[in-house]
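K.L.:
Residues per chain are reported as follows:
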Amino acid sequence: MADQLEIRVNGKSWPVAASTDTPLLYVLLNELQLHGPRFGCGLAQCGSCSVLIDGVEMRSCVTAVGDVADREITTLEGLPAHYAKQKGLKENPPLHPLQEAMIDEQALHCGYCYNGMIIKGAELLARNVTPTDAQIRDHMDGHLCRCGTYARIMKAIKVASAAMAGGAQ
Amino acid sequence: MNMIFKSSSRRDVLKGGGALIIGFSMGGAALGAPAGSGTTRGAAAGPPDPRAVDSWIAIHSDNTATIYYGKCELGQGNTTGMLQIAGEELDLAMSQLRTVRLDTNVTPDQGATSSSSSIERGGPQLRAAAAQARQVLLGRAAKKLGVQPGSLVVSNGVVSIDGETGGRSVKYSDLLGEKPFKAKVTGTAPLKPPSQFKLVGTRVPRVDIPDKAAGRYEYLQYVRLPGMMHGRVVLPRGQRGFGAGAKPLAVDDASIKNIPGARVVRKGDFVGVVAPQEWDAIRAARQLKVTWEKTPPLPGNANVHDKMRQAKTVDTVIANFGDAESAFAKAAHIAGATYRCPYQSHAPFAPNCAVADVGPDHAVIYSPTQRVYESRDFLSRALGMPKEKIRVLYRESSGTFGRSCYEDATQAAAVMSQAVGKPVRVQFMRWDELGWDNYGPAHLAEVRAGIDADGRIIAYEYDGWQHGWTITATVLDLATATPPKERASGSSSISVNKMSTGSMYSIPNRRVVSHAVPMEGYLRGAALRSPLDLSFNFVSEQTIDELARAANMDPVELRRKNIKDKRWLGVLEAAAKAADWMPRATSAASATGDVRTGRGIALGTHHVSYGAAVADVEVNVRTGNIVAKRVFAAMDCGLAVNPALVENQIMGQATQSVSRVLKEEVTFNEQGVTSLDWASYPVLRFAEHPDVVPVVVQRLEEPSTGAGEEVMGAVAGAVANAVFDAIGVRLRDYPMTPERVLAALGRTKT
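Chains as they are written, first to last, in the numbering used here: chain L, 1 to 169; chain D, 1 to 750.
Chain D side only, calculated, beta carbon under 8 angstroms to chain L, not exhaustive: (1) Tyr-222; (2) Ala-347; (3) Ala-350; (4) Gln-427; (5) Gln-656; (6) Phe-686; (7) His-689.
Derived Cβ-Cβ restraints for the label pairs, each shown as a range: (8) Asp-3/L to Ser-61/D: 52 to 60 angstroms; (9) Ala-69/L to Glu-218/D: 26 to 34 angstroms; (10) Asp-54/L to Lys-629/D: 35 to 43 angstroms; (11) Thr-132/L to Val-100/D: 43 to 51 angstroms; (12) Pro-149/D to Leu-89/L: 52 to 60 angstroms; (13) Ala-43/D to Thr-132/L: 52 to 60 angstroms; (14) Pro-297/D to Asp-3/L: 50 to 58 angstroms; (15) Asn-258/D to Asp-54/L: 28 to 36 angstroms; (16) Arg-71/L to Ser-95/D: 39 to 47 angstroms.
Chain D regions said to be covered by chain L (calculated; three or more residues, Cβ under 8 angstroms): (17) 72-78; (18) 387-398.
Honestly, the hints are just simulated from the structure, not real lab data.
Glycine included, every Cβ here is placed at the ideal spot set by N, Cα and C.
If we strip away everything but chain L, and leave its shape as in the complex, we get (with noise of 0.2 angstroms):
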């Protein structure tokens, strides 16, 4: 028997049971049981399944788990860490500055493309903390929302954009 895959998630090892090819989104799904990544379309279309590998947001699932073997991959319910990590902050906070802004702006309708949308909001914030309107409108164009919550979501990174970048002064 070959070596016994592991995958590091939300710092943490895990022992991979499915085959190498596997995508990474079924194992978080159902050797992990994480509820931050979804199936949307298995195509890499629409953004549900985004997880965070080294810090970059990538569709899981498409993306082979054999293949991700001693990367960092942060799902949303590692992002508070995953900020707090970056900050330098002594303690994790409950929640990513952004989850904060969603939940503040009401945002969301069903929530199902929320993990996308946190995922690659969290991404633009860590690249650039004041992203002005295109660039947002640009850095989130691969994420699909059927509920129609864009212009919400868009409020809401700049919320969270000015709570982190005050926060930095």
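Start from chain L and add chain D according to the hints.
P.N.:
Chain D in isolation, oriented as in the chain L frame:
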């Protein structure tokens, strides 16, 4: 933005406060025992008796309450609104209220969560039960405190004597804690008048959002049962013509023998696969070799309207006032055209999913259905099991916007679980969901309207063609080997909506005819959010706009002049005011440059509330691309129980409506549906979204009416009118794609 209209007439006060009619729909079904009376809640099959207070409300020993009702959370926020309604009558704070998810052993049967009916029809029932509960509690408190009930006041579930500060008080929990009410809902308990509302009408934040944002929410997709297998349906890629079904002539089980633990499940004409690992089930569904019966040709999306126009139809006169035919002779200007509107898909963001555990004589099904009790009836047929042995537990999937494939996933999971004797989780793949949806039907309209020299609309004719709906599910039809049936008339069918075809205007001569096309040989149809109202208003409101242009009148002024109803006028003025509408008589087509801007206004409804919208667009005349920049959308849904929820609904409707008129079309060729993913069925993307300014026209003294669909038609019409304003040419077909814009301009892509 929140505009409050207060009416002080006695009639309106009675309507809102004292004379709500409580109708319990028994539907002939046997009534269950009141939940919570003696037996453990949930131990027996429901529905619980809607006449029993205990079916709706339980008071706990920590002075909190659980509220039970029969409308599911779909992301529209109705949980919050329903708790506000119950909390208002009970004088409990939001923090003291919780609810459960729909469950056929526990929650009352309030019918489908459809037609935006949660607050409108579900609310009054719950309100009456809560008022009754309060009456019981106050009766007990009066005895305990030795005073008359009329002298009592309640705050946060603590009953005290009015005017007696720091005096005697008693908590609900001390009066009842964990024990049943054992009281009937008579409908006679006094309801709070709107003037005393503390919770209803306020902007309570949604109770489901924190868990959703944190990644803690238990969507149906996360339900896991011990020993569970993963299932997938196997259907031809893209549905065939309605009536032809999907008959497997041969299934080659050996074609998946290399996949660990994968096996084929067949029942009737239904084919599915199960495997212990989800990825293996997905691979098996793809790999399984099936020979399908050849089906009769479909017309294809390009020819569907011609075929409908030539079809033998069943015609119904929907509205007929005066003599439209001869009134046209007196018109100073006449506008009219033929319009073509596409099939559109529910396209839920999450493909539907269900988890079933079916034993020899008992079944538990986790389902995203909008109708738990109806699903239970269907499951009874598919499983050959009495419905009392079946428990359907609702779990939220993504927004579904009508009859997407939720019933198919539910039936498939149950059929496969029964076959393998283990729990089975079925999730549709994206191509299953988009390919086998029950689509919002295509629509063809021939319309004309006439205006006299004084600017009064005097004649209006609307002829519409569309086929009907089905209310079963593909998987149920296949598993029971039953030919699919069309619902051609009555409830759960679709005809031209007289509300959306000129009814907002006072038109003395108006005739509306619905031409019902038989569904066989077309695609499966069903209710898609604001069913066909986008089409009706796209057509009708462009026609009204054309009259304004022909008469050289401002489009708002023309509408104002032809509306008598104060509520239609209310939304018209609210939208115009929000947009800072300036009178405009001529098209802005005199502009130069590639990017032309335009502004349009329109009215619209679904069936009960009032909608108006102003849209600002940019049209690139070189590429043909339309961008909706801003939408101002106003809705009057009577008493808005939570204006923030209504605003959020307006924003969603406006954005989805823009998506539907600019982007969405189900495509199909002779063989079947070809729009099977987000590339072939595009929806509005993040970078393309409009800013939306929602306006709630609050009417505290009017009964609440639906708020989930009622402004979509207005937005569709407003965008179309704005496009005309920008380029001076009417688009009679939607989606208004770049190709159609360029064709209308007589240009080709450069």
